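Chemist: Listed in order, the protein sequences are those of chains X and C.
Using the working numbering, the letters of the first sequence map in sequence onto residues 10 to 139.
Using the working numbering, the letters of the second sequence map in sequence onto residues 281 to 682.
Be a bit skeptical, because a hint or two may be false.
[Said to hold, decoys possible] Label-pair restraints from in silico Cβ distances:
#1 386/C - 30/X: 58 to 66 Å
#2 664/C - 30/X: 25 to 33 Å
#3 573/C - 68/X: 51 to 59 Å
#4 470/C - 117/X: 39 to 47 Å
[Unchecked claim] Over 12 Å on every C-beta distance to chain X, these chain C residues come out as not near it, computed from the model:
#5 319
#6 320
#7 372
#8 374
#9 410
#10 471
#11 475
#12 476
#13 477
#14 507
#15 570
#16 571
#17 573
#18 676
These aren't lab readings, by the way, just hints derived from the structure by calculation.
Only a predicted model underlies this, so the values are computations on that prediction, with no experimental measurement involved.
Glycine included, C-beta positions come from ideal geometry on N, C-alpha and C.
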Amino acid sequence: MELKGRSISKGVVKGIAIVSNKPFSFLGGVDKEGNVIDKDSDIYGQSLKGKIFVFPYGKGSTVGSYVIYGLAKRGILKGIVNKECEPIVATGAILGGIPLVDKVDIEKIKTGDIIIVDGNRGVVKILNKE
Amino acid sequence: MYLTKEEEKILDGEYGEILRKCMNLLVSLGDIYGAERLIPIKSAQISGVSYKTIGDIGLEFLEDFSKENVKVKVHSTLNPAGMDLDIWRELGISEEFAKKQLRIIEAFKKMGVEIGCTCTPYLTGNLPKFGEHISWAESSAVSFANSVIGARTNREGGPSALASAIIGKTPYYGYHLDENRKANYVIELDIQLIKNIDKEESFYGALGYLVGKIVKNGVPYFENLYKLNPNNDDLKSLGAAMAASGGVALYHAKNLTAECKVKNVIDDKVEKITIGIDDIKESYEKLNTTNEEPDLICIGCPHCSLMEIKKIAEMLKDKKLKSDLWVCSSLHIKAIADRMGYTKIIKKAGGKIIKDTCMVVSPIEDLGYKVVATNSGKASVYLPSFCKSEVIFDDLKNIIGK
Chain X
10 MELKGRSISK GVVKGIAIVS NKPFSFLGGV DKEGNVIDKD SDIYGQSLKG KIFVFPYGKG
70 STVGSYVIYG LAKRGILKGI VNKECEPIVA TGAILGGIPL VDKVDIEKIK TGDIIIVDGN
130 RGVVKILNKE
Chain C
281 MYLTKEEEKI LDGEYGEILR KCMNLLVSLG DIYGAERLIP IKSAQISGVS YKTIGDIGLE
341 FLEDFSKENV KVKVHSTLNP AGMDLDIWRE LGISEEFAKK QLRIIEAFKK MGVEIGCTCT
401 PYLTGNLPKF GEHISWAESS AVSFANSVIG ARTNREGGPS ALASAIIGKT PYYGYHLDEN
461 RKANYVIELD IQLIKNIDKE ESFYGALGYL VGKIVKNGVP YFENLYKLNP NNDDLKSLGA
521 AMAASGGVAL YHAKNLTAEC KVKNVIDDKV EKITIGIDDI KESYEKLNTT NEEPDLICIG
581 CPHCSLMEIK KIAEMLKDKK LKSDLWVCSS LHIKAIADRM GYTKIIKKAG GKIIKDTCMV
641 VSPIEDLGYK VVATNSGKAS VYLPSFCKSE VIFDDLKNII GK
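Bound-form chain C, shown alone (with noise of 0.2 Å):
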């Protein structure tokens, strides 16, 4: 890889031993994958932040990283930590696992890292232009940054987001290229799918799984969605699922997505799927792996948007609800819902909004709860296996209307 005299400084630990670190990082990537050189980035979101996916080892690594004094040379976010930073203790999380998720934050907060602690960094300020080069992990934002914004990043891991946090470049392969930018599948909705959808928002997930599984880390082009005519916190809820059940990190939609609003984004070699009721039908099957009654309602994977959370609010107005319910968002977001009055209306039907955490990161099982009514399709691929969680999916009007 071709490397700037100064980038080749920082390699050989003119800089720092940290620097060398995330220099020698960032090349090695660069030359596994084949780029030519690094580039600039414009922000990075860093993945690895909840105590419980990372552990001890990762809280170690990152206070040794935060020792050195390294501040990240771009905008930085933060991926959900495992519990609400704030009222965790209302939330049944053990005094150990806060202690070390708050180290955990304390070593971001260190180098220079914003700890909004949310999947959906595009909704709180860490928003990407058209075209611009970010580095990203958090695969939901990844999808909605390339897809819907078409800024461009890779799939990123948690330590090289930090890096190129660090160094404020990335190397230039994947996703940055135009060349790998276009779509091989072309997704067609059948038309009697379209006219007899019976589902809401759930839908979106219901989709994303199944094109998911299908085009595993393929670059999908919708060819006509937009007659569902969904809005972003659909656009979200499909990006994240495709991530999810495959490696989706970009699709194309017609009349939807940035990209193919101003060029052609379909490869000359496409494989073209017609999706029909019976397959999403099996999709909610496959999704749903229980007919018991929740003991938890989580809604807000990726994270809620205030739109999202003045529905449900609507939904909850002089309702008792069954089970506890979780509405997860970004502290910032939940600031406007304080403001608007719909945290008080959750409340009062027995449910919390809670922030910088989601069901998939916190400890939900050693919390009592077994089984978990969501909306989300890419809540519902990780709770099985992440939090030994019985599924069950569907709209909010399901769930919570019933």
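Chain X with its partners taken away, still in its complex shape (with noise of 0.2 Å):
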């Protein structure tokens, strides 16, 4: 299944998703190792590392871009897709160099599914629903 959306930040990466359904903050909302340590998150103590982090858009502090940056730069964090992407967690993936597509129903995307985030056209594609 091919989704389109908006490229955001350039690049193409494969992956596992992780899918949640709340906005997010990045500031206290996830540890250096990438556990999301935030209890009002529905993906509460679950580990981003390795993964594709979809959820519908960001919220909280601009240090929050600092935050993604370093996930992104210490490989722990593939790829970001989003319902609608604003500037903390656009800049976030802009700096750290990971692929982000947004304006994607990411209703259709379950945790586990492995998706293809290609942030040069702006397209996410589901491998496991061909």
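Two chains, two frames, a set of hints: combine them into the complex.
Modeler: Structure representation (structure tokens):
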């Protein structure tokens, strides 16, 4: 299945999706190793390590951009898919050099799906739903 | 978004990775906000400087960024750091904090950013002209530049202001466009309030706090604020508090701010709000969290002008303070205060003029301060959460003069 969206940050990555249905704050929401530490999150206690993070949109402090940068640079976060990207998350993904596609119907993606995020074309492919 | 050939080349990485990232950031932000193109800017004010706020990852990012020898293209100035860059030991800042803070400053310096470290760059030489497009972070400076001066900037974040400084451009949207600069709230001060104000400079912080809460990220127009005859310091304080309690990036005030002197700035659809004595009283009650005595008095959020420092010095002549006092300002203004003898008077009373930093972005909670007195509405909004402090909010005359 191919979902058309908008390219925010360039690059192409393939990986396993982890999906949250709630807005996410990176500052105070995730630790250095990629564990979700925000108790209000619906994926509290899970790890973003080696995954593509799918969530509606970001919230919270602008320092969140730097948190995403750190996770990306350490190879913990592989890519991001948003329903509607906002500046904090966009900034983090672009500076960290990971692909980000938004304006995607994220309800079609489930945790565990193998997806390709194509930040050059603005497309997300769900491989196990061909 | 429309890009010129040159901009396309930068985006394709022909001028290196850092410029590509900066361009990607500006173009993506432009796409998110519906900008049609990029426009040149005249200056930048970059936030995200204090090690306390950006931490190790921010430091790492800035060092990575500065490695490639890219330089800023326009006059770029820096927000306050987490400490006085010279007398940090005297303030009790730890070696580790200081070392990392100085590395952050070094990274900015390498990129050609002026390391003045102040939230009032318009008092120290980064002074935009009416109508000029600029890319400023630091919400209080954004408010002053947009409103009092009539320059044009969105509320940038640290990285987007830095990217704009390096590219020399910003996406053309938001407050850069005429149609988004019209007031959607008209604020009128009740006649009784105007007649009966018993507060001095802190009134503008209290008013700003209140209006910011009401209009959120709207654009307020003050109908009769001019009757109180506020000076630039008062307007700086008002804008800072509105930006802290709401997200106000631009306000207009009849007879006071630039744009409304030359054109109609009021939208067809406006909400009218009247502010009375009780509203202001309530503001003071909300901002004051304790009746205890302060262990630190902090003045200078935003950074003090020379006139504000003069007022403090005059109050402190032949006095001895019961608590510590930080008067926060820029390197530039402090140099003049030194020459005028104000620094000496303040020191004799037991206080300090501290430069490069302020009470919000320095780690005062680690220095043992628990109750902070200030005349700043902005600081009163941030101190409880950023520094876990109890707050006393009042006029200088009641805080220092007692």
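Chemist: A cut-off of 12 Å on Cβ-Cβ distance, and residue 507/C was said to be off the interface with chain X. Does that hold?
Modeler: Residue 507/C is indeed farther than 12 Å from all Cβ atoms of chain X, at 37 Å.
Chemist: Report holds if the minimum CB distance from residue 374/C to chain X is greater than 12 Å, and violated otherwise.
Modeler: Per Cβ check, residue 374/C is outside 12 Å of chain X; nearest 21 Å; holds.
Chemist: Is it correct that the beta-carbon of residue 320/C has no partner in chain X closer than or equal to 12 Å?
Modeler: holds (21 Å)
Chemist: Beyond 12 Å from chain X, beta-carbon-wise, is residue 571/C?
Modeler: Label holds. Min Cβ-Cβ 31 Å, cutoff 12 Å.
Chemist: Are all C-beta atoms of chain X more than 12 Å from that of residue 570/C?
Modeler: holds (26 Å)
Chemist: Beyond 12 Å on every Cβ pair: is that true for residue 475/C relative to chain X?
Modeler: With a cut-off of 12 Å, residue 475/C remains clear of chain X, as the shortest Cβ separation is near 42 Å.
Chemist: Are all C-beta atoms of chain X more than 12 Å from that of residue 676/C?
Modeler: holds (31 Å)
Chemist: Verify this label for me: residue 476/C is non-interface relative to chain X, using a Cβ-Cβ cutoff of 12 Å.
Modeler: The assertion about residue 476/C holds, with a minimum of 39 Å to chain X.
Chemist: Per the hint of 39 to 47 Å, is the separation of the Cβ atoms of residue 470/C and residue 117/X within bounds?
Modeler: Violated, at about 55 Å.
Chemist: Quick one: work out the minimum CB distance from residue 410/C to chain X and report holds if it exceeds 12 Å, violated otherwise.
Modeler: Non-interface label on residue 410/C holds, nearest chain X Cβ at 27 Å vs cutoff 12 Å.
Chemist: Take the C-beta atom of residue 386/C and the C-beta atom of residue 30/X, compute their distance, and say whether it sits inside 58 to 66 Å.
Modeler: For residue 386/C and residue 30/X the Cβ distance comes to about 43 Å; the hint is violated.
Chemist: Looking only at beta-carbon atoms, does the pair residue 573/C, residue 68/X fall within the given range of 51 to 59 Å?
Modeler: For residue 573/C and residue 68/X the Cβ distance comes to about 38 Å; the hint is violated.
Checked against the numbered hints given earlier, this structure breaks hints 1, 3, 4; the rest are met.
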